Amino acid sequence: MIWELDFIILTLVIFSGIAAITVKDLLSAAILFGAYSFMMCLLWAIMGAVDVAFTEATVGAGVSTVFFVAAVFHTTRNSKD
Amino acid sequence: MGVELFTDIASQYNYLGVVILMMIGLYAMIAKNNLVKKIIGMNIFQTAIILFYVSTGAKRGATIPIIQHGHNGHGHEVIHAAEYINPLPHVLMLTAIVVSVATLGVALALAIKVYHQYGTLEEDEIRGRLRE
Amino acid sequence: MRVIGLLIVIAFGSLLRYGVFFFPEWGDPASPASLHVSPHYIEEATAETAVPNLVTAVLADYRGYDTMFETTVIFAAGLACFMLLRVLQRQVPECRLYRHIPTGITLRIEKGGKLPTESGSFERIDANWVPHDLIIKTTARFITPFLQIFALYVIAHGHHSPGGGFQGGVILGAAIIMFAISYDLRRSIQRIGEQATAVLGSAGVLIYAGTGVLCMVLGADFLNYSALAGLMGVDPVMARSHSMLIVEIGVGVAVSAVMVWIYYNLSSAGRHDEGL
Amino acid sequence: MQNLSPHFPALIIIVPLIAALLISAAGWLNRRFCFPLAALGLFTSLLVSVGLLSSVLVKDVILYRLGGWPAPWGILYRIDRLNGLVLVVIFFVAFLNLIANKRTVEESFPEQLGGFYALYVLFVTGLSGMVVTGDAFNLYVLLEISSLTGYALIGIGHERAPLAGLNYLFVGTIGASLYLLGIGFLYLMTGSLNMTDIGSLLPGLYNNPVVVLAFLLCMTGLFIKMALFPLHAWLPNAYSFSPAASIGVIAPLTTKVMIYVMIRITFDVFTPEFSFKMMHLGQVMVWLSVAAIIMGSLFALAQTRLKRMLTYVIIAEVGYMVGGFWLGNRMAVTGAVLHILNDAVMTLCIFLAAGAVIYQICGDDFEDFKGLFRKMPISMAAFTVAALSLIGVPPTCGFFSKWYLISGGIAAGHYGFVVALLFSSLVNAVLFFRIIEIGYFEPFPEGGHGEHHSPPAMEIREAPAGMLVCLLLAAVSLIVLGLYTGDIVTRIIDLAIPPAI
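Chains as they are written, first to last, in our numbering: chain A, 8 to 88; chain B, 3 to 134; chain C, 437 to 712; chain D, 621 to 1121.
In case anyone wonders, no lab produced these hints; they're calculated from the structure. Since the model is a prediction, treat every value here as computed from it, not as a measurement. Treat each hint with caution, since some may be false.
Unchecked claim - Covered stretches of chain D (in silico footprint by chain C; criterion: 3 or more residues with CB under 8 angstroms from a CB of chain C, positions within the stretch not fixed):
hint	stretch
1	636–645
2	733–745
3	1085–1093
Claimed, not checked - Pulled a few chain C residues facing chain B out of the computed Cβ check, cut under 10 angstroms:
hint	residue
4	V487
5	T507
6	V509
7	I510
8	L524
9	Q525
10	G549
11	Y589
12	A592
13	V635
14	L636
15	A639
Stated by the list, open to error - If you want a taste of the chain B side facing chain D, the calculated C-beta under 8 angstroms gives, among others:
hint	residue
16	F54
17	R62
18	T65
19	I69
C-beta atoms are modelled at their ideal positions from N, C-alpha and C, and glycine is treated no differently.
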């Protein structure tokens, strides 16, 4: 567990989290949320939690983003805040 | 006071990351106007708790919780617990990730239904339509 | 709302930040979390269950009851999406688009209109149709079998390498979802219908609960796999390893079926005709 | 049946779980089997829970190892008198409500019958699992099952149900995640997940701020899930727009089971010595529940629709139980535990009566109740019995639990709580007699029932037979519970409360 790498990935996770919330277009929010999950999966892998990383990669980055895009597809893309 | 504070932050920054992520998620759920943004905030809140659990199980200098030496002959060397990372939080967090996806699916289904009824995902517009 | 949100966040954040001061050192091997229960898992798991991957051992055996309810949570989510979104009366969509394959001309049929009968070579496409993309279709068709084999590998190989029922099940579901996205939802529903996904979802969880009931019938506690040793003709430790594989297969079946079921309902908002 | 009794603790969860899975499969294969399977599953679990309660009365505590592993490593079921009693109440309420609402479900969800009954039985499985389990994380997973199915059962209603369901989902997920974080803090400090194991490891750490924070987090999460006063905003909308069949099982059970979980955690995980003496939280909690009782009653007075009024009555009832428990003396805690039992059956009876009336007259404004005593005598009689019990009139069980709560309040010298209880009883009296008076004395309007779409006067007849039988059973059980309060308390509740209080 190289703590410098862990620190960098953690800051990337926090930035993509804040970006996923502040961006106005919902589709890019969904994609940013996929990126957030992927960064989270890297964080787990670095911390040695390999099974959790695998699950987060498949379930978090994979299927959640598809569900988000499917939902945005049936509602609107633009949001006020 | 400054140095001791810094070494404390240096050693616990992972837990600070947990607190920051949780606050991002909580802020999004309360203050954001759009329903899908609230759902994203809910997910960030749940993954922050998962980060907390996994960092409780971390051990410095330990390898991943898979026992490798079983293949070279069946010599049963003694397994020292300090060499392997604590597997219990990983098991709990497999459950929590699966629960967060299940909640996400139901939340998006409800959001689609709300959109078909009120034509918008913005909380204040929906409240306006409810008053008529 | 913004100010209330900020106030709550700052108050709650500082409370937690104050708590972090008193947390044990991050990552030190002497923290109580790694001294009380987990040493038993690390030291005895391979002896008691013959499974090198400790996480799978704890997931499917020591705390197997948790995992059964986890699969039930996924199944309940699939059921909830079905009940919330599914529209069962056949609605004729107001306009349907057809593309003439040789020439690429698209026909727009309004409500009630019929396709000219003698035209065999028309294929229906989604209302907001995507351009005729040969590349995506062929690569998707090429990748899908390898993806499914990898998913089965992940389910089966959960004992020795990271992976197991959940990860494999989601990858299996993702292969079908990829097919549904690259082609169109109707074609995917023709191959794997909604009835198949729903019944497979409950069958997966039934496999898990059935193994538990089988152990109970054979006299041991619920989900105590060593009772199946007689049935499988192996010693109790190997019986635990094999029944963990059965349970992982049940979880994989349930999770893949439910992921596809949720995708069908979410992507077509319950009408099951035009998805992503 | 006797050779199965060692497996009763596991059977009580597995029977409804497998029944739910078979119902969902039967929903696709042929729909006639859905209702019988659900009824059979819940009835067998009711019998198993009664058998379990009787064997617990003999053997004090039953332990059941899931997967055959000893306590801190595997998951352990620990059944004593407290959760044996709550189990019987859960399955009694669920079974009665299932039979009563058979017709309404067939009318409102004709094609999705299998899905609805599977969600219904999974909801009951989640609740009963929460009550039986002895493992903190297993309780979180079962909490998620019951909440998820609860969101779905509420979201399938009409008008504003999806929006109310979504708000309930957001608030419920925050509550469940706070509980999970609290358990994470405990795991960080003790390293174990079994409740009694944590309880035995904690005494050395009581003054550690992390344990205090864990206690606050767990309690806040549970207060959100049980809709205690400042955190109750999700309940009125969620409960008043959901379909009649699902509200009949959600309203009586969710808040009561969450109060049981609070009692279980304060007794087993944080021993009473820590929760009552060290945390000196009792005063704050009792004044909070006094506020809950008063605000719940006042809001109920302000409502014009029956269902919405009943939701505020539920919020006031939550205030009774939380206040009674945090008073801390034996009398008040007995009252709180007895009130869990009585309030579940009372809420079931009043919601069944309201459902029967609304099923016939398709509207729940107060003027619709004109002259209903002549047209629907039996359901209005049951409505009156439930109303008397909520007010607290002697033969019914409501009086006895209120009696214990009031005497506990006096013994603890907390007169604010006693005044709040009396005030709430008066307000309940005003609420329900207003309706009964409209129903009994106002003449039945001959020319149709008011202006909106309700059926013409001639067609209003008594509710269907299935609903009536369950309604009468619930009303009779209110009185039977009242009469047997004496030995329910002496044989079950007194021994369930640890002697430390």
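Status of each hint after checking the structure:
Residue count for the stretch 636–645 of chain D with a Cβ under 8 angstroms from a Cβ of chain C: 6. That meets the three needed, and the coverage hint holds. Figure legend: the stretch 733–745 of chain D, annotated as covered by chain C; annotation consistent (6 residues with Cβ-Cβ distances under 8 angstroms, at least 3 required). Restraint check on the stretch 1085–1093 of chain D versus chain C: 0 residues with Cβ-Cβ distances below 8 angstroms, three needed, restraint violated. Because the smallest distance between the Cβ of V487(C) and any Cβ of chain B comes to about 9 angstroms, under 10 angstroms, the interface hint for this residue holds.
Taking 10 angstroms as the C-beta contact cut-off toward chain B, the hint placing T507(C) at the interface holds, the least distance being around 8 angstroms. For V509(C), the shortest C-beta to C-beta distance to chain B is roughly 5 angstroms, which falls under 10 angstroms, so the interface hint holds. Hint on I510(C) holds. Least Cβ distance to chain B is approximately 6 angstroms, under the 10 angstroms limit. At about 15 angstroms, the closest approach between the beta carbon of L524(C) and any beta carbon in chain B exceeds 10 angstroms, and the interface hint on this residue is violated.
Interface hint status for Q525(C): violated, as the beta-carbon distance to the closest one in chain B is roughly 15 angstroms, over 10 angstroms. At about 26 angstroms, the closest approach between the beta carbon of G549(C) and any beta carbon in chain B exceeds 10 angstroms, and the interface hint on this residue is violated. Given hint, Y589(C) at the interface with chain B, is violated; its Cβ is 16 angstroms from that chain's nearest Cβ, farther than 10 angstroms. Taken as an interface hint, A592(C) does not check out: its beta carbon lies about 16 angstroms from the nearest beta carbon of chain B, beyond 10 angstroms.
Interface restraint check: V635(C) against chain B, minimum CB-CB distance 19 angstroms, threshold 10 angstroms, status violated. Checking L636(C) against chain B: minimum C-beta separation of about 17 angstroms lies over 10 angstroms; hint violated. Here the hint on A639(C) is broken, as its CB sits about 18 angstroms from the closest CB of chain B, past 10 angstroms. At about 6 angstroms, the closest approach between the beta carbon of F54(B) and any beta carbon in chain D falls short of 8 angstroms, and the interface hint on this residue holds.
For R62(B), the interface hint is violated, since its Cβ never comes within 8 angstroms of a Cβ in chain D; the closest pair sits about 16 angstroms apart. With a cut of 8 angstroms, the hint placing T65(B) at the interface with chain D is violated, because the nearest CB-to-CB distance is about 20 angstroms. For I69(B), the interface hint is violated, since its Cβ never comes within 8 angstroms of a Cβ in chain D; the closest pair sits about 17 angstroms apart.
Violated hints, listed in ascending order, are 3, 8, 9, 10, 11, 12, 13, 14, 15, 17, 18, 19; each of the other numbered hints is respected by the structure.
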